[in-house]
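Since the structure of chain A is already known, use the hints to place chain B with the ligand on it.
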Amino acid sequence: MPIVVIPTAFRGTTNGAAEVEVPAGTIRSCLESVSEQAPGFHELCFDKAGNNQRWLKFFLNEVQLEEGPGTLDVEVGENDRVEVLAAVAGG
Amino acid sequence: MAGPEGDRLLHVDMTTQTTSFEDFPAEWKLLGGRGLSAKILTRDCDPTCDPLGPDNVLVMAPGVLGGSAAPTSGRISIGCKSPLTHGIKEANAGGQPAQHLMKLGIRAIVVKGQPADRDKRYGMRVTADGVEVIDADDCKGMWNYALCAKLLENESKTASVISIGPAGEQMLTGASVACTDQDKDRRPARHAARGGPGAVMGSKGLKYVVVDPGKAPMRKAADPKGYTEVVKARSKEYIEGPQMMKSGTASVVPVANMLNTFPYKNRTEGQSPDVDNLDGARIHESFEERGGGMHNCLTGCIVSCSNVVHDKEGNYKTSALEFETLTLLGACCAIDNWDDVADLDRLCDELGLDTIETGAAIAALMDAGEMQWGDAEGAKKLFDEIASGSDLGKAIGNGAVAVGKRTGHKRIPNSRGQAIPAWDPRPLKATGITYCTSPMGADHTAGLIVNPAMAPDDMAQASQEVQLVNAVCDSSGFCQFLGPDLDMIREYYSQLYGEEVSREQIADQGWEILSDEWAFNEKAGWKAEDDVLSDDMVNEGIGPDQALKFDLAADVVAKAKVRFDNREELFKTKASG
Ligand code: SF4
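As given, the protein sequences belong to chains A and B, one line each in that order. Our numbering numbers the first residue of the first sequence as 1 and each following residue consecutively. Our numbering numbers the first residue of the second sequence as 1 and each following residue consecutively.
It is possible that part of the hints are untrue.
[Stated by the list, open to error] Computed spacing ranges between beta-carbons, pair by pair:
| no. | chain 1 | residue 1 | chain 2 | residue 2 | range |
| --- | --- | --- | --- | --- | --- |
| 1 | A | ALA17 | B | LYS157 | 49 to 59 Å |
| 2 | A | ALA17 | B | GLU5 | 46 to 56 Å |
| 3 | A | MET1 | B | PRO544 | 26 to 36 Å |
| 4 | B | ASN154 | A | VAL5 | 50 to 60 Å |
| 5 | A | GLY50 | B | LYS410 | 25 to 35 Å |
| 6 | B | ALA2 | A | ARG81 | 41 to 51 Å |
These are computed hints drawn from the structure, not numbers from a lab. Where is the CB? At the ideal position from N, CA and C, for every residue including glycine.
The following block holds chain A by itself, in its conformation from the complex (with noise of 0.2 Å):
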């Protein structure tokens, strides 16, 4: 099963996992799996309008997804692994 790495500014949702199994699909089935178990997620990664929220950025297997409104569509197999980056940081 594919694993998404989760930011570190948004482990109190998945009470401290860095990482989480999760069914192959595309990005965002992916983070939807991960919503399913950890209360709070959705919001962190989904606007209201059901886009990605912007202080996202996506890894697959390492390399950085383009960005714009077909990366929540980008494929990801049963080995795949998807690292989530949130730009949480600064004063």
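Positioned in the frame of chain A, the structure of chain B with the ligand alone reads:
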């Protein structure tokens, strides 16, 4: 010695208004910024001195890499004994002066003494031709923007300014030191703010320093080719990476709100109902209609996190409107829109005040019932009080604890007299450990960890590691928003001086900086039992069921001050503030 040679320390005696140079000690060559400031203060400043008296020492120190081709490396550290925490302080700013000083081979300006006539004001000009201390009585009481415009009118295009506003002149303990940014207008929008360094500059009668490097060249590395290769490779890595700070810190607002670290109404809640109006996205939206945009505050910055904010008529209003400011002057005061916060930010920059301390002070005044929550116009009027030196103005300018003393109000979130920054230690307990144990007190730039789920057993080590990395970063001249790690910094140092700097050496340097600072503080009277946050952070919860409190045991916190063994994570930790 390979690498840059002929460096000096510029000493200024404000008792006699005379200057002298000291050859830069060779053994300090890998020290700049915060680390250099700590060494100078340890050597030259009695930790028991009155912070606003003649024996305090004000240090203006660029980082090691300043003035070289290293990108985003032109930050300056302003160091002193803090009149707010009564411990050692380093406040860090962008802008141009650091690179200008380094091009002149000046590793730090060290200001001592105090004029006998406390009403006198002096300025200083530092150029390739020499240094002069000038009578500046004509600048007395001037606000920062008008002051810098007046000074730069007669200077060449290569000059920059370090200055204080009326708050510093009044020695208010929330006063900042301003640096002009790199734009052609050279506005005093970059502030070394935390802990009151502006008050110390004011206590010395020093209103400004103009630095003009003229045609002085960039600093050359011992191995110019190797250095250029590091610059190219590391820049490429950054540009091709996720560039997480590209939208600026104001964009953090909504996610910080979701994480209960966007404190509302003097931190009685962790979330603000006005989050949409305070979101940095609204500032970005304004760019199209009003102008403004993102820029870099110093030449050679490849991050460009800084916003330039315009008013409804399209005129410049302020820069940079940051997350911390939107929190403390916005949500914490229940002020509900970014436009008003931008006005308050400008007023803080004009008078030379820390936006965090001032926001916390106004929030405390509101919480004490002396002002309505959300009264933005009332908050703006307080700046007239501060400028005129009224008792109320002095309390606000002296910070949150001073407002608590004036009003008798008890909820004053602070540690060691300094207001707590936006990043809240209740959901972010490891950051709370930093606030308790850092020599800088409650200062997010000393070591921020945004991980609400970290296991308590891991927190002290994580806090120590980021404190150590930030101390090295703030000595290098790199901006924390570039996110350098120890390996990156030592790679630059190795090429700059043509000597391999090992992992152990760079880690030891970070520990030595912290140790120097802790030792200074101990001599200044800091006690381990005061490594705590104010009672409100311990007893008053926020978040779901008000369950989030800073409830770590003292022995868990104390571990952050006992050195852990170096581990791989230390070298992977990126500076974060
Ligand atoms: S990252 Fe931002 S604050 Fe840092 S030097 Fe660049 S513009 Fe200035």
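So, going through the hints one by one against the coordinates:
no. : hint                              : result
1   : ALA17(A) to LYS157(B): 49 to 59 Å : holds (55 Å)
2   : ALA17(A) to GLU5(B): 46 to 56 Å   : holds (53 Å)
3   : MET1(A) to PRO544(B): 26 to 36 Å  : holds (31 Å)
4   : ASN154(B) to VAL5(A): 50 to 60 Å  : holds (56 Å)
5   : GLY50(A) to LYS410(B): 25 to 35 Å : violated (45 Å)
6   : ALA2(B) to ARG81(A): 41 to 51 Å   : holds (44 Å)
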